[in-house]
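Number of protein chains: 2
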Amino acid sequence: MFQRRGIMLILSSPSGAGKTSISRAILRQDENIQLSVSVTTRPKRANEVDGVDYHFKTVDEFTQMREAGKLLEWAEVHGNFYATPKAHIDELLAAGKDVLFDIDYQGALQLYDTCRPDIVGIFVLPPTIKELKHRLERRADDNKDVINRRLKTARQELLEWDKYDYVIVNNDLDNSCALVTEIIGAARISRSRQTDLPKFINSLQDELESILQ
Amino acid sequence: MFQRRGIMLILSSPSGAGKTSISRAILRQDENIQLSVSVTTRPKRANEVDGVDYHFKTVDEFTQMREAGKLLEWAEVHGNFYATPKAHIDELLAAGKDVLFDIDYQGALQLYDTCRPDIVGIFVLPPTIKELKHRLERRADDNKDVINRRLKTARQELLEWDKYDYVIVNNDLDNSCALVTEIIGAARISRSRQTDLPKFINSLQDELESILQ
Numbered sequence: 001m002f003q004r005r006g007i008m009l010i011l012s013s014p015s016g017a018g019k020t021s022i023s024r025a026i027l028r029q030d031e032n033i034q035l036s037v038s039v040t041t042r043p044k045r046a047n048e049v050d051g052v053d054y055h056f057k058t059v060d061e062f063t064q065m066r067e068a069g070k071l072l073e074w075a076e077v078h079g080n081f082y083a084t085p086k087a088h089i090d091e092l093l094a095a096g097k098d099v100l101f102d103i104d105y106q107g108a109l110q111l112y113d114t115c116r117p118d119i120v121g122i123f124v125l126p127p128t129i130k131e132l133k134h135r136l137e138r139r140a141d142d143n144k145d146v147i148n149r150r151l152k153t154a155r156q157e158l159l160e161w162d163k164y165d166y167v168i169v170n171n172d173l174d175n176s177c178a179l180v181t182e183i184i185g186a187a188r189i190s191r192s193r194q195t196d197l198p199k200f201i202n203s204l205q206d207e208l209e210s211i212l213q
Numbered sequence: 001m002f003q004r005r006g007i008m009l010i011l012s013s014p015s016g017a018g019k020t021s022i023s024r025a026i027l028r029q030d031e032n033i034q035l036s037v038s039v040t041t042r043p044k045r046a047n048e049v050d051g052v053d054y055h056f057k058t059v060d061e062f063t064q065m066r067e068a069g070k071l072l073e074w075a076e077v078h079g080n081f082y083a084t085p086k087a088h089i090d091e092l093l094a095a096g097k098d099v100l101f102d103i104d105y106q107g108a109l110q111l112y113d114t115c116r117p118d119i120v121g122i123f124v125l126p127p128t129i130k131e132l133k134h135r136l137e138r139r140a141d142d143n144k145d146v147i148n149r150r151l152k153t154a155r156q157e158l159l160e161w162d163k164y165d166y167v168i169v170n171n172d173l174d175n176s177c178a179l180v181t182e183i184i185g186a187a188r189i190s191r192s193r194q195t196d197l198p199k200f201i202n203s204l205q206d207e208l209e210s211i212l213q
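Protein sequences appear in the order of chains A and B. According to this note's numbering, the first sequence is numbered sequentially starting from 1. According to this note's numbering, the second sequence is numbered sequentially starting from 1.
Treat the hints as calculated values from the structure; they're not laboratory data. Errors might be hidden in some of the hints.
All copies of an identical chain are treated as equivalent in the list; a pair is satisfied when it fits inside any one copy or across any two copies.
Said to hold, decoys possible - Below, in silico cross-link-like pairs of lysine-lysine (DSS-like), each with a Cα-Cα straight-line distance of 25 Å or less: (1) Lys130 - Lys70; (2) Lys133 - Lys70; (3) Lys199 - Lys133; (4) Lys44 - Lys144; (5) Lys144 - Lys163; (6) Lys57 - Lys152; (7) Lys199 - Lys44; (8) Lys152 - Lys44; (9) Lys133 - Lys152; (10) Lys199 - Lys130; (11) Lys97 - Lys130; (12) Lys130 - Lys144; (13) Lys199 - Lys144; (14) Lys144 - Lys70; (15) Lys86 - Lys199.
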């Protein structure tokens with residue numbers, strides 16, 4: 001109802017726990033939330049669109065952005081840089097648009113450093129590791145080595161559950177999405193995000209004084 | 001899904017803004033939440049049941065409870081004492097039951113002092129003071145002086161909006177109840193309330209180690 005500040009909704013999970021399925025469903029059903037578009041130095045693939053899938057930059061451009069403090073978080077993965085550009089996120093939040101981050105705990109922790117009040121952090125867990133392994137195996141493109149590497153990474157990731165505001169065990173996609181929707185709904189009416197509230201309170205106070213005179 | 005700690009849900013508002021209607025609707029629709037039963041020294045009325053409407057106590061009993069630290073908050077109103085008994089609330093929260101407090105900001109602030117992590121505080125505002133006055137006038141039992149006193153009290157109450165986690169403008173009862181329901185839903189899966197999560201994480205870690213061996 002009021003002008004409000006947008007939410008930075010972070011979804012993290014061990015690979016295969018389902019955060020990307022949940023993210024896609026939320027983006028489909030909620031018009032006011034959009035996926036954060038990262039900056040990257042990796043080459044654009046044929047099916048990718050600059051500004052939609054990524055903002056593609058040279059290493060020089062990337063380094064300049066980083067040194068100028070224009071990145072909220074960054075990481076190097078397999079020799080390529082990835083980052084979240086500050087200016088665009090600031091604009092969206094100020095306009096009351098929510099931004100979804102489908103990122104790992106390292107990115108999340110970096111965002112916490114500078115943006116904690118704007119963040120709602122959700123950690124998604126698999127019901128069992130057996131189920132996590134099944135889901136990884138069902139992805140046709142991942143071979144045994146990749147699956148094993150992902151499970152090893154999960155060791156560290158599982159330790160980070162206590163950095164998040166909410167923890168969801170993803171037994172059922174629909175149920176998990178319903179929970180995320182409730183979290184978003186509550187976050188949108190949190191006092192600190194309703195930036196026009198002080199003005200509204202003032203108007204009530206003025207009205208009250210005119211009646212009590 | 002997990003054992004969790006209950007929520008202390010506080011609803012406060014200027015008199016007439018609708019917190020009691022919202023409370024009643026929430027209590028009707030949600031089996032896991034119950035109204036906090038206060039201790040009072042005021043005489044029991046004919047239609048009241050001890051232990052349901054209030055825990056009726058003598059002034060001596062009340063004073064003993066207060067001095068023994070058995071009250072979470074207390075106030076004196078028109079010569080009678082009212083308070084929230086600690087033991088019962090502790091029991092409910094530990095059993096994962098949520099407790100609703102339909103109290104004013106003075107009670108809320110006292111509860112904040114000792115129970116902040118358990119509390120979700122919601123402040124309910126009227127859409128306009130005109131509407132607030134209408135609602136007060138529609139209550140047949142309140143005369144002009146009472147209404148005027150309530151409006152004067154609202155002056156102070158309106159200043160306390162920024163002590164709450166959420167602020168709802170009560171334009172429409174159904175909509176306000178839906179918002180409160182979302183807030184409760186989110187609070188129930190907040191990490192800090194899911195007391196069995198560490199155990200569940202351990203079980204995932206054990207399972208992971210047995211697979212990775």
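- [ ] State the violated hints by number, sorted upward, taking the hints as numbered earlier in the document.
- [x] Failing hints, ascending: 1, 2, 4, 5, 6, 7, 8, 11, 13, 14, 15.
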